[in-house]
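So the protein lines, in turn, are chains A and B.
Under my numbering, the first residue of the first sequence is numbered 12, with each subsequent residue one higher.
Under my numbering, the first residue of the second sequence is numbered 12, with each subsequent residue one higher.
There may be inaccurate statements among the hints.
It does not matter which identical chain is used: a pair holds within one copy or between any two.
DSBU-like cross-link-like pairs, simulated, lysine-lysine; straight-line CA separation at most 35 angstroms [stated by the list, open to error]:
1. K231 - K273
2. K118 - K38
3. K225 - K38
4. K231 - K38
5. K318 - K38
6. K325 - K38
7. K301 - K204
8. K325 - K225
Rather than coming from a laboratory, the hints here were simulated on the basis of the structure.
One-letter residues, chain by chain:
Protein chains: 2
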Amino acid sequence: MSRCMPLSKEIPPMKDLTSDNITENVKILNNQTSSPRVRYVFDRLVSHVHDFVRETCLSTEEWQAGIDFLTAAGQISNELRSEMTLLSDTLGVSLLVDAINHPRHGKATEGTVLGPFHTHDAPVAESGYVLHEDQEAAKLLVLCSVQDTSGEPVADVVCDVWEGDAYGFYDVQNPNRIRPDGRALLRTNKEGKFHFTAVVPVPYPIPMDGPVGKMLTLLKRHPNRPGHIHFMLRKAGYDNLITALYPRGDPYETSDPVFGVKESLVVDLGTVNDQISRAYNVPVGTKMLKYDFVLVPEQEARELRAKRAEEAVKNLDFDVDLMDGLPVLAVD
Amino acid sequence: MSRCMPLSKEIPPMKDLTSDNITENVKILNNQTSSPRVRYVFDRLVSHVHDFVRETCLSTEEWQAGIDFLTAAGQISNELRSEMTLLSDTLGVSLLVDAINHPRHGKATEGTVLGPFHTHDAPVAESGYVLHEDQEAAKLLVLCSVQDTSGEPVADVVCDVWEGDAYGFYDVQNPNRIRPDGRALLRTNKEGKFHFTAVVPVPYPIPMDGPVGKMLTLLKRHPNRPGHIHFMLRKAGYDNLITALYPRGDPYETSDPVFGVKESLVVDLGTVNDQISRAYNVPVGTKMLKYDFVLVPEQEARELRAKRAEEAVKNLDFDVDLMDGLPVLAVD
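So here's chain A without its partners, still in its complex pose (with noise of 0.2 angstroms):
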């Protein structure tokens, strides 16, 4: 009467698990995988998680919680919201990922987080559309250039720009949203120039009604991000470009709920003069940004990364070799 497969392979007895030997049997149950990247990655999560146990001396209690945050996480999550991104995000999570797969590159520009609002719904847009439907909103005139690390523009990049509106909410935020608003999806032309009016970025608390909310009230920790503008750029070819512009002045700058700020990112904005009025057919006064991006060829991302990564791993107390780049267990 039994549903159950016969055991495909011996593995070592185990039975009268403690705190002291459960991490070791897990790993070996784990080890069956074929992958030796699967295998090192469940090795390290393995141990953290179970350290973190150990360390914490965690409660049934507390356990519970951590179950029930992150079903929650999950639950109020949509193809709209992500929330675990926003845990990942408020936790420093995304940024390192960031820091490690897009290790800073002398001339290129930064990265910074994705955030939880990107979508894939942008409309393909020609330089000089206009970000929002709000005609009402303080405009920004944004003017970019993209080039590689020789200093040669790139033309056709594709560049995903999107945006909050000027109360700080995204298109998403709006329950009634039936298309797109503060997205687009513009193309470097011949000389790797693009432009787009946006509106003036303001700063905006992230989304506090879900488990990530309850977190950092828990923590006492403000959830308001400082305003920026997100630019997600990419070319085969050369190292995908997420990252952010933020207005320079802004009350919560040094305290990014997301850890997002980066120097170099912080732009001081201008203001439209006749010349530049006439260009681009924007009222003489309007704010205006300016910021030239930087693209790495892929290959040499790629070799920096690798690169960081064998130093990132060379003081584990344990021995690892480096596979397409990413670190494994190593083989005796």
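Fit chain B to the supplied structure of chain A, relying on the hints for placement.
Then chain B, alone, in the frame of chain A:
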């Protein structure tokens, strides 16, 4: 036009965070909480999650897979299914939490994992209750006693028992479930005894249709739990006992995917003879399980837990105090 609250507390400015300084800066923000225990739990959480990311050089794709995995685990969960608990079980975390919160006490019955199938709607029943509606299943007479560590019987213990059916399915796995089956809330009599009729437990695969199933497949782990009956014994003044009994000889006895089997919980089944048949009104030849549970007074359990907590943190490379028996960061 801002929806932000003013900055309520001075924190040191942070900007330009990198792989090297993100961890300490996340902790500075989290340390604003007024609870020393919350501060400590988040300190260890952030350290371990960040170290996991650094040691694996977690790729953006792997990070995204983790976000998607946890989100899906939340979304497949409902009142009767906790995929996050199953994740904790299959990574050995639940067993570890149980071992820490209910440390082995010489005379007492050992605990084991609660599992994801406990519910709060079991019917209150009298000794002699037949757990399953299935008339055809192989029956098992279960005769239990409950005593304290000095050997005295304990009356009025609430005995929450639950079990899968003859095919290894729990009632909550039946999409057409209209009421509990295979569950009961019994109570010990003045002699500390209770009994009921179960079905002979069979091994069964844990649910493989969710993210945890995908994880086990990736890790080439079998999903089959050895057959067992769950018990949760509660009485004010005694440490809550969550445990299970495993008939000896199951093919999966030493490779349990949730690491729950302990030798002291493996039982030899007997057979009902004439005398027992008359006493309990079950046919001669029915399989029989006898077990004597031993509960620990709450105070003793608390002291043992605090002692183990002290031992657990004494070799950490940072200073820790105990507060209400739980570790917190030592104040200078």
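We went through each hint and held it up to the structure:
no. : hint        : result
1   : K231 - K273 : within (24 angstroms within a copy, 43 angstroms between copies)
2   : K118 - K38  : between (42 angstroms within a copy, 31 angstroms between copies)
3   : K225 - K38  : both (34 angstroms within a copy, 17 angstroms between copies)
4   : K231 - K38  : between (37 angstroms within a copy, 12 angstroms between copies)
5   : K318 - K38  : both (28 angstroms within a copy, 28 angstroms between copies)
6   : K325 - K38  : both (22 angstroms within a copy, 25 angstroms between copies)
7   : K301 - K204 : within (11 angstroms within a copy, 80 angstroms between copies)
8   : K325 - K225 : between (38 angstroms within a copy, 32 angstroms between copies)
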